[in-house]
Amino acid sequence: MTRLDDLTLARLRHTMREPDLSGTRYRLEGMAGAGGMGTVYAVLDTELGRRVALKVLDVQDPEVEARLRQEAQVLAQLEHPGIVPVHDVGRLGDGRAFYTMKLVQGERLDRYAARDLSLPSLLRVFLRIAEAVAFAHARGVVHRDLKPQNVMIGPFGEVLVLDWGLAKVLAAPAGPAGPPLPWRRGKGQTGEGAVLGTPGFMAPEQEAGESATVDARADVFSLGALLQSLLPARPAAPLQAIARKALSPRPEDRYATVAEMAADVDRFLEGAPVSAYPEDFLRKALRVLSRHRVAAGILAAYVVGRGLILLFTHR
Amino acid sequence: MSRIGVALVVGGALGILDGLTAWFTPEVRSQLLGIVIGSTVKGLIAGALIGLFARKAARVLPTVLFGTAVGALLALGIALLQGSHYLEIVLPGTLVGLLTGYATVRYGRPASAAPATVR
Chain A
2 MTRLDDLTLA
12 RLRHTMREPD
22 LSGTRYRLEG
32 MAGAGGMGTV
42 YAVLDTELGR
52 RVALKVLDVQ
62 DPEVEARLRQ
72 EAQVLAQLEH
82 PGIVPVHDVG
92 RLGDGRAFYT
102 MKLVQGERLD
112 RYAARDLSLP
122 SLLRVFLRIA
132 EAVAFAHARG
142 VVHRDLKPQN
152 VMIGPFGEVL
162 VLDWGLAKVL
172 AAPAGPAGPP
182 LPWRRGKGQT
192 GEGAVLGTPG
202 FMAPEQEAGE
212 SATVDARADV
222 FSLGALLQSL
232 LPARPAAPLQ
242 AIARKALSPR
252 PEDRYATVAE
262 MAADVDRFLE
272 GAPVSAYPED
282 FLRKALRVLS
292 RHRVAAGILA
302 AYVVGRGLIL
312 LFTHR
Chain B
16 MSRIGVALVV
26 GGALGILDGL
36 TAWFTPEVRS
46 QLLGIVIGST
56 VKGLIAGALI
66 GLFARKAARV
76 LPTVLFGTAV
86 GALLALGIAL
96 LQGSHYLEIV
106 LPGTLVGLLT
116 GYATVRYGRP
126 ASAAPATVR
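Line by line, the protein sequences are chains A and B.
The opening residue of the first sequence carries number 2 in this note's numbering; numbering runs sequentially from there.
The opening residue of the second sequence carries number 16 in this note's numbering; numbering runs sequentially from there.
Read the hints as simulated data drawn from the structure, not as lab findings.
Keep in mind that a hint or two might mislead.
[To be verified] Just the calculated beta-carbon pair ranges, DEER-fashion:
(1) G92(B) to P236(A): 47 to 55 Å
(2) E280(A) to K71(B): 40 to 48 Å
(3) E271(A) to G49(B): 39 to 47 Å
Quick caveat, the model's predicted, so the values are computed rather than measured.
For each residue, glycine too, the CB sits at the ideal point set by N, CA and C.
Generate the whole structure from the sequences, applying the supplied hints.
In structure tokens:
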């Protein structure tokens, strides 16, 4: 019997994992990424002549398949510029479930943030992420796996929140984002005791497996960790306070909603006081001076110049 | 804010301050109100001229030089009318013109391009 070498084995494994696209409208172009549940391939939609991303399970498992289908359904309901649109869902010739979505080309947030970017531009990206997450919350969906690796920045500055595979569907009141999603706890929902998420970005209640109590404030925690990852080594105290409040171990000590947190970040960008950071007189004065530094600078230049003139002419 | 707007605000505000500093010259302290009014009007005139100039000149240096010259000339005119305290009037007036010129071109919004013609 002939033994296969490692390279041949690796090739065989790769070929076996590749999706069987026969009988579908898609033609494989290459691998685009890999996640916890499955692999994402770049494929060509031969009917529409466009490139899309095809996410397919690595294994056939009813529970994981239910989660993949739920992810596709969640995405299909969340029509927002910051959330990847889903195009199609189905089953491949090899029996594995798949769905196709927009092929996102760009840079992951962690790599994007490693560039030499100004803090305001990073905070504006953060606000766009928060907008998408707040929209999902308004539709009754909690992401539960927000982290820089799950955010993509497109070549034209578009911000997309990806990987909704761990999303939890809550019942939510109808709001400006539309009525809540129609599903209830199903096969794709996480059971009590199951721990899913990313350490460091996962809220303590999520880490403790208290799935039933996990709500939108778990995403507030993750956004706090995400914000922290974008801040410089010595961030401004109000920003640090915002992140600290969002990262409070007890959900009731965090911002009640993502919108409240985003409003604080927005206020920081505007030079206005933030709710998470009570100010004394000196801090308030410094902030006002910093906000009106043009006027303060001109006034200071005038006072210094005028003082010198007074000294000179009254000698 | 437009460049003329910035120039008027800065010129007027520094004009008020400039007038108030007459308090440090004891012999004119009794005329403080008149000096403040005159200085404010001077600051507004300087601001208007600097603002008009800055609409055409986009760069900092020419506007600062123009502002300095306008501030100095207006102050010199007042000093000549007064017939005394030349340095006390001309130097602060020059400073007001210089700072107004800088602030105008640095922080004022340039005049926008003409809108496209709709046919």
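Consistency of the hints with the structure:
The beta-carbon spacing between G92(B) and P236(A), approximately 53 Å, falls within the hinted interval of 47 to 55 Å. A beta carbon spacing of about 44 Å between E280(A) and K71(B) agrees with the range 40 to 48 Å that was offered as a hint. Checked against the hint of 39 to 47 Å, the C-beta distance between E271(A) and G49(B) comes to roughly 41 Å, which is consistent with it.
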